[in-house]
Amino acid sequence: MICILALIVFGVLGIFSATHREMALEAFDCVFRRVTLRKCDSGLDRRLKSQITGKLMAKNPAVARLAFRHFELISWFFTILFVASTVYAGIGGYNYYLYGNCNGPNEDGFCIFDPLGSNSKFSAAQADESCSAGPQERGELTLDGVNVELFPRIDRNAANDVVFIGCYACPYTRQSYPAIRELLARDDVDFAFAHLPVKEDIRAASDILNCVNEAGSGKFVEFNDELFSADASVLENEDGLLDAVGRIGLDREAIRQCSHSERIQNLTRLQISEIRKTGIYGTPTVFVNGEAVVGPKPLRVYARLLK
Amino acid sequence: MNVENVRRDFPLYERRFNGSPPIYTDSACVTLKPNQVIGAMSRYYREFPACAGRSSHALGREVSEEVKRAREAVRKFIGAGRPEEVIFTRNTTEGINLVANSLKLGNGDAVLTSDKEHNSGLVPFLLLEKKGVRHKTFQFGDLGDFEKKLTGDVKLVSTAITSNLDGTSQPAKEMAALAHGNGSLVLLDGAQAVPNRKTSVKELDADFLAFSGHKMLGPSGTGALYGKLDFLKALNPFMVGGGTVKNSTQEDFEMEDVPERFEAGLQDYAGILGLAEAVKYLQRIGMENVERHEQELNGYLSKGLAGPGMAILGDADPKSRGGVISFNIEGIHHHEVAGILHESANIMIRSGMHCAHSWFNSHSMDGSARISLYLYNTKEECDAIIEAIGKIKRLI
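Residue numbers (my numbering), protein chains in the order written: chain R, 58 to 364; chain Y, 598 to 993.
No lab work stands behind these hints, which were simulated from the structure alone.
This one's a predicted model, so the numbers in the text were calculated from it and none came from an experiment.
Please note that a few of the clues may not be correct.
[As the list claims (entries may be wrong)] Far from chain Y by the CB rule (all over 12 angstroms, computed), these chain R residues:
#: 1; residue: 66
#: 2; residue: 236
#: 3; residue: 240
#: 4; residue: 256
#: 5; residue: 338
#: 6; residue: 348
[Claimed, not checked] Beta-carbon label-pair distances, calculated as ranges:
#: 7; chain 1: R; residue 1: 95; chain 2: Y; residue 2: 732; range: 31 to 41 angstroms
#: 8; chain 1: Y; residue 1: 618; chain 2: R; residue 2: 70; range: 29 to 39 angstroms
#: 9; chain 1: R; residue 1: 94; chain 2: Y; residue 2: 906; range: 30 to 40 angstroms
#: 10; chain 1: Y; residue 1: 635; chain 2: R; residue 2: 112; range: 31 to 41 angstroms
[To be verified] Straight-line alpha carbon distances no greater than 16 angstroms define the calculated EDC-like cross-link-like pairs of lysine to aspartate or glutamate that follow:
#: 11; chain 1: R; residue 1: 116; chain 2: Y; residue 2: 940
#: 12; chain 1: Y; residue 1: 843; chain 2: Y; residue 2: 857
#: 13; chain 1: Y; residue 1: 733; chain 2: Y; residue 2: 712
#: 14; chain 1: Y; residue 1: 976; chain 2: Y; residue 2: 893
#: 15; chain 1: R; residue 1: 334; chain 2: R; residue 2: 206
#: 16; chain 1: Y; residue 1: 665; chain 2: Y; residue 2: 857
#: 17; chain 1: Y; residue 1: 825; chain 2: Y; residue 2: 854
#: 18; chain 1: R; residue 1: 364; chain 2: R; residue 2: 247
#: 19; chain 1: R; residue 1: 116; chain 2: Y; residue 2: 984
#: 20; chain 1: Y; residue 1: 830; chain 2: Y; residue 2: 681
#: 21; chain 1: R; residue 1: 112; chain 2: Y; residue 2: 940
#: 22; chain 1: R; residue 1: 96; chain 2: Y; residue 2: 963
Heads up, the beta-carbon is just placed ideally off N, CA and C, and yes, glycines get one too.
Same shape as in the complex, but just chain R (with noise of 0.2 angstroms):
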């Protein structure tokens, strides 16, 4: 059994080196007779067998008794472990690919693709109101009961819907922006935008995207794309958030005196009553055609969903 790994061990080191590209072929050798029903002739096995029994002999005879008597033993068990750690590989590498993490759609462990978790991260929904990332009580996310219609939205009756729920000052949020942006460039995908002002001194930014949004068709993605670009310093007064009304070429003052309205703050009111609805836990928060996806994931995360 041992040559089982020996031929993997030394076939990837047999990349880098001559000498073990030949104890390769030995194991492969080795590894072919046994598949076929013959006996391993070349050594190789006796070979490892001695040196690991020899090395821990002069450290520990003990435990050299125990590797020699049970060494076919130890090598399938070293041998399941090492085929188990490959599925397992392989199905965390397939579910980054489809997930962005190793562990399946929406979970957070770790995960050696993405050691540093950064698609993974997420800032929570409503524990302090502070953008702060850490566990939440997660519930299911859905979109069923939502009124997608009160949010920001561009409407092309394509394919997809795309429903983006973030918060402007969020870092995650603003991580994942450039893919979400991307993928609004497309033109068979419906976008919605739902701003959860998780920190409660950037509410404002709700009322000034409504009144953008009511000012002209599409005007709220140009306004998200100054603010998602912008210092998150910005976004807690409302003057650097008039400033970016200004830069997409709207009236700071018409817009401020919207924002200022009972009915837009009703709306706002009413777009954060909507949004807790989906049973969000963290942002952001993307629904793609009504599957959801939290934490900044690689634009192939959200582009597989689409049909």
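Mind docking chain Y on chain R? Use the hints.
Only chain Y this time, still in chain R's reference frame:
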């Protein structure tokens, strides 16, 4: 013989493997080299790196003179009558092949070898079978069987004096006498005998004796073939070319004298000088001392290793096995024994069939572990081997 002084001559003992010097006990394969041998080889390259026997300039003359001295040193070492009777070869294998292919053997002739020959002493004669030469075997060391197989058609007896497999020796002198009585020539494989005890071709009355330099402190790729002058003159050299002819025309050539006619092409002069230095080194130590030292160590080690599960091949009396202990431990493969000894205690031994496949196959064995001691091994090393093998036995 002061072993500690001897060991100081061997630079390998300055090396450290996992912090300690190696315990080298694979001398039946290749021995370590003393500084004197390394120095002699180096001297050739530094002082007179030229052709012998061809160029008349100072360097050519110098190297010719050194090779002549080397031949004389080897002659003395094996007790040959004349330096021309010593042909430099690459090893024992070449010596045996030279005789096998140069003797005028043909259809109906037979060659008699033992059943415990090294492949070098067996395969050349198996190849001759294609030319109609019969190959017969006798049981190694069994004079009765030898005499029985020594029939009129046997033109050559070719056999090892000492087996590399287990260190056991044959009564070569008596066998040579019987062979000569039968009108057969005698080719002795001295690879394991010449390095380990005083060997005199005159005393043995061998017609040919082949041996290697690398098993007697000499450089790798060196050896010699002794042959009685008249027999050498009667041989047809099977490898010819530069250095083997006095003159040639487009149609014919005039063969060089013996031994040059057998030394085709440019020779390994550094190796030849190294071999001569090795011979002198052994003579300074005294071959009787070398033999006694090996026997003492073998006796000590064999006693220490004896016990349940241990099977030593060959004669039960360690004194009959020179420096060789070939063994198997029940329940553990010989390759594993060798590997564990190396990994756990820096003990270097040989495992396998030791190029004597035919004997192991005919005894349904797949080999053995082999310790082969030489003049630089010590009792302390034997103690380390006994301790390590004891630990290995406890693994089972």
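Q.
Of the numbered hints stated earlier in the document, which are not met by this structure?
A. The structure conflicts with no hint, since it agrees with every one listed earlier.
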